[in-house]
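Number of protein chains: 4
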Amino acid sequence: MLSELKEKVFQANIDIYKKGLVIYTWGNVSGIDREKGIIAIKPSGVDYDTLKPEDMVLVGLDGQVIEGAYNPSTDTKTHLVLYNHFETVEGVVHTHAVHSTVYAQAHEPIPCLGTTHADHFYGEIPVTEMMTDEEIGGDYETETGRLIVRTFEEKHLNPADVPAVLVASHGPFVWGSSVDKAVYNAVTLEEIAKMALYTSLLNPDIRGIKQTLLDKHYLRKHGKDSYYGQQNIEGEEK
Amino acid sequence: MLSELKEKVFQANIDIYKKGLVIYTWGNVSGIDREKGIIAIKPSGVDYDTLKPEDMVLVGLDGQVIEGAYNPSTDTKTHLVLYNHFETVEGVVHTHAVHSTVYAQAHEPIPCLGTTHADHFYGEIPVTEMMTDEEIGGDYETETGRLIVRTFEEKHLNPADVPAVLVASHGPFVWGSSVDKAVYNAVTLEEIAKMALYTSLLNPDIRGIKQTLLDKHYLRKHGKDSYYGQQNIEGEEK
Amino acid sequence: MLSELKEKVFQANIDIYKKGLVIYTWGNVSGIDREKGIIAIKPSGVDYDTLKPEDMVLVGLDGQVIEGAYNPSTDTKTHLVLYNHFETVEGVVHTHAVHSTVYAQAHEPIPCLGTTHADHFYGEIPVTEMMTDEEIGGDYETETGRLIVRTFEEKHLNPADVPAVLVASHGPFVWGSSVDKAVYNAVTLEEIAKMALYTSLLNPDIRGIKQTLLDKHYLRKHGKDSYYGQQNIEGEEK
Amino acid sequence: MLSELKEKVFQANIDIYKKGLVIYTWGNVSGIDREKGIIAIKPSGVDYDTLKPEDMVLVGLDGQVIEGAYNPSTDTKTHLVLYNHFETVEGVVHTHAVHSTVYAQAHEPIPCLGTTHADHFYGEIPVTEMMTDEEIGGDYETETGRLIVRTFEEKHLNPADVPAVLVASHGPFVWGSSVDKAVYNAVTLEEIAKMALYTSLLNPDIRGIKQTLLDKHYLRKHGKDSYYGQQNIEGEEK
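Residue numbers (the numbering used here), protein chains in the order written: chain P, -11 to 226; chain L, -11 to 226; chain W, -11 to 226; chain R, -11 to 226.
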């Protein structure tokens, strides 16, 4: 069942390992079949060495495990909240990539300090508030998802334009309009986090780039007037 | 004699090299057979290129070399003190991994700044006091072990919950409930040390995470109510 | 047509990826046939995995696409301005290499802090002014090139002696007297940027090296009295 | 002639590249035959890809080229001064390794901040004074050597115990009692420079370790009472 989706999600989990975003089993990727309302997600704590496509666990949007020999990732409920609230999301990635996590641990958003950032994210990457003891002690993983959604609502952010968030004291959740794009965004987030960190150390007074430059770079790669890439071919990048 | 243990310890010594925790021969791993009261440990200063499983040296808990063509690691006495005092320890790893060593050199504990840390260590990683001239001039390697044990006693720390220490001006000693877990903990320590360092540079005012979040993450992976990983399979992670 | 140039430019685009200057398709290299007045440049947003030498796009110095199945790189117009104004330039490289980009994001020039820098660049690497909203909203990529040229004019810099610039809030553009030398200079720029960043963090009071040392090192490798390398063989380095 | 020495020096030049101490041709290693008073050194500016053992250039201690199809490394005269003044030196390495060079650029010695340092160098790594304009304008490479020797004399340092120096605004020169040990010391220097840099950023108040700990670690690996490694086998490490 949904073997193509499982294959994609499996490959994406391998990719975040190969790209250096995770060590051991410290991350998880999921993808969704929107028509069926079912996600495929990595099982919890299984070694990448032995992981196979058919090990991906199928879970309904209501949280019911539909198929799988293993328990789904501990963070499954967080993924589900994102799929339920962010309609354009087709893939979700959670990692503990070093520089992205550093911003989450510092309780600081990643400011948009250059066009590398602006090419991919339409403004700073928000950091959530710290969870309350009630949220932590309650349905923790679901509350993590709710906190993310609330952060986007309060800041009036469009998750399609800013496909990443930093959960305070925890780490990044990243998404995309496909499983592959979610991975691409997670790799990109780590790269811009590294650049932002070093930039801030070199020049602590630096602030985010001007709006016109942000608009220029984001919109030349995204949206109806974009002119980056190839109009005439199908591919990851337009 | 104890060829299985030697093989495990040999492999772990290779692993810390492959994982980038040590260069040249700057580290050592040991493992114990608790029934026989014998540890296997890397020989001192032998190249990894030529190292073989049968080169591991067997040493009794009293420090007597039982079998081996080579001298055991210079740090053997430190390992022995840990095995003698920390009953749940089955493997010990000593490295000069860069970021872990940086905290030891800075005489600062690694604060628990996020869930990556909390998933693996139940609170900050302690740093010892500086050794006295008497300790340095005496039975130095044994005194290093005693200093570690004393640090855990004075801070009322459980070595099973905080399986690592930073020896001031020296570097990390790490352990685990198996040789493999000790290596896993050493790799993890280096990763969280790197994250903590960068976090502190980005936001010098940041402090350790709140106790409820520490409890949540540590206890969802460890102890009787844990729900991370697979209950139904045997593996490194529950 | 111009298949040798295409092959060189193709290889250079692969090189900046292999050297770690770019991830995904975040960079572009071009080369010129000065006699014909035609440049070859990477197509926009095509994966390195599938890129072939014949995919390089040929563009005239007036901006007309002469041959190519794909759109040329979005930054083509910037390259063209550099070729049109800097007569000794035979190859141009644009990357988002981390440390070079950090200086561009910090709006700081890379000071010449040592002989590693002085061996390759005759003084600090300039950073441009921030583009105005009119420039950003106009013919953006052409304006980026003009800004670079204006920076060199205002600072009385010779692009043959300082073959690199940092576009503020964006990243490095680098060039050379051949495609290969442009790549070499881009790799070198990243290395000296890394060194300069760490040097500034270690000693914030450090300033550029004295003129006599800069002269000595730059001129022992460049110009008529140079004595580095082999006088009697053809090669990248004299 | 001296083909064994050439082979060793060739291999060492490859090693510093493989170990990440140099990029392109930015470094050079030499070795000496003390009986004959001849050194073998890398040719200047020849690609590592095409370098062969027989390309090593033989030079007498008086600076005369004895054999070689290529020009010797530009830094040959610096190497010669070291061989002429430091009698126990059998191999010399010059690199632009990032972290070692950072200290040279910052005009700061590398303080001995931990036992990793103390295991290999008997105290801080000195940095030279800045060269005068007369020295730079004179026989520059010879003056660089003289500056190093003067630094050791003025600081009463034994080059056998502190086998490395930082030339201000330039980079490290490292040596050893064999070509291989010189390379080993160069790799070690880079590792301790990295650790020292990060330690200083984490805790700017930290100072060098106490003399008793320095003595303990240096002397347990070096000298007549050392007990690290294998007494009964021949090897890099005792």
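No lab work stands behind these hints: they were computed from the structure. Among the hints, a few may not be true.
[Claimed, not checked] No farther apart than 20 Å at their CA atoms in a straight line, the calculated lysine to any residue pairs in the SDA-like style are these: (1) R:Lys182 to W:Leu190; (2) W:Lys65 to P:Tyr216; (3) R:Lys169 to L:Asp35; (4) P:Lys6 to W:Met118; (5) W:Lys182 to P:Ile194; (6) L:Lys198 to P:Gly125; (7) P:Lys24 to P:Glu75; (8) L:Lys169 to L:His210; (9) P:Lys65 to P:Lys6; (10) P:Lys198 to W:Leu190.
[Stated by the list, open to error] Facing chain W, from chain R, some residues (calculated, C-beta under 10 Å): (11) Gly33; (12) Gly48; (13) Gly51; (14) Asn72; (15) His73; (16) His87; (17) Glu96; (18) Asp121.
[Stated by the list, open to error] Have a look at the derived ranges for each label pair, beta carbon to beta carbon: (19) L:Gln52 to R:Glu42: 50 to 60 Å; (20) P:Asp213 to L:Pro192: 12 to 22 Å; (21) L:Asp121 to W:Asp193: 32 to 42 Å; (22) R:Gly126 to L:Asp43: 31 to 41 Å; (23) R:Asp21 to L:Asp43: 54 to 64 Å; (24) P:His73 to L:Ser214: 22 to 32 Å.
Just so you know, even glycine gets a beta-carbon here, dropped at the ideal spot from N, CA and C.
Against the structure, the hints:
no.	hint	in the structure
1	R:Lys182 to W:Leu190	holds, 11 Å
2	W:Lys65 to P:Tyr216	holds, 13 Å
3	R:Lys169 to L:Asp35	holds, 14 Å
4	P:Lys6 to W:Met118	violated, 37 Å
5	W:Lys182 to P:Ile194	holds, 19 Å
6	L:Lys198 to P:Gly125	holds, 12 Å
7	P:Lys24 to P:Glu75	holds, 14 Å
8	L:Lys169 to L:His210	holds, 13 Å
9	P:Lys65 to P:Lys6	violated, 25 Å
10	P:Lys198 to W:Leu190	violated, 30 Å
11	Gly33	holds, 3 Å
12	Gly48	violated, 20 Å
13	Gly51	violated, 14 Å
14	Asn72	violated, 22 Å
15	His73	violated, 22 Å
16	His87	holds, 7 Å
17	Glu96	holds, 6 Å
18	Asp121	holds, 5 Å
19	L:Gln52 to R:Glu42: 50 to 60 Å	holds, 53 Å
20	P:Asp213 to L:Pro192: 12 to 22 Å	violated, 43 Å
21	L:Asp121 to W:Asp193: 32 to 42 Å	holds, 36 Å
22	R:Gly126 to L:Asp43: 31 to 41 Å	violated, 54 Å
23	R:Asp21 to L:Asp43: 54 to 64 Å	violated, 34 Å
24	P:His73 to L:Ser214: 22 to 32 Å	holds, 29 Å
Hints 4, 9, 10, 12, 13, 14, 15, 20, 22, 23 from the list above are not met by this structure, while the remaining hints are.
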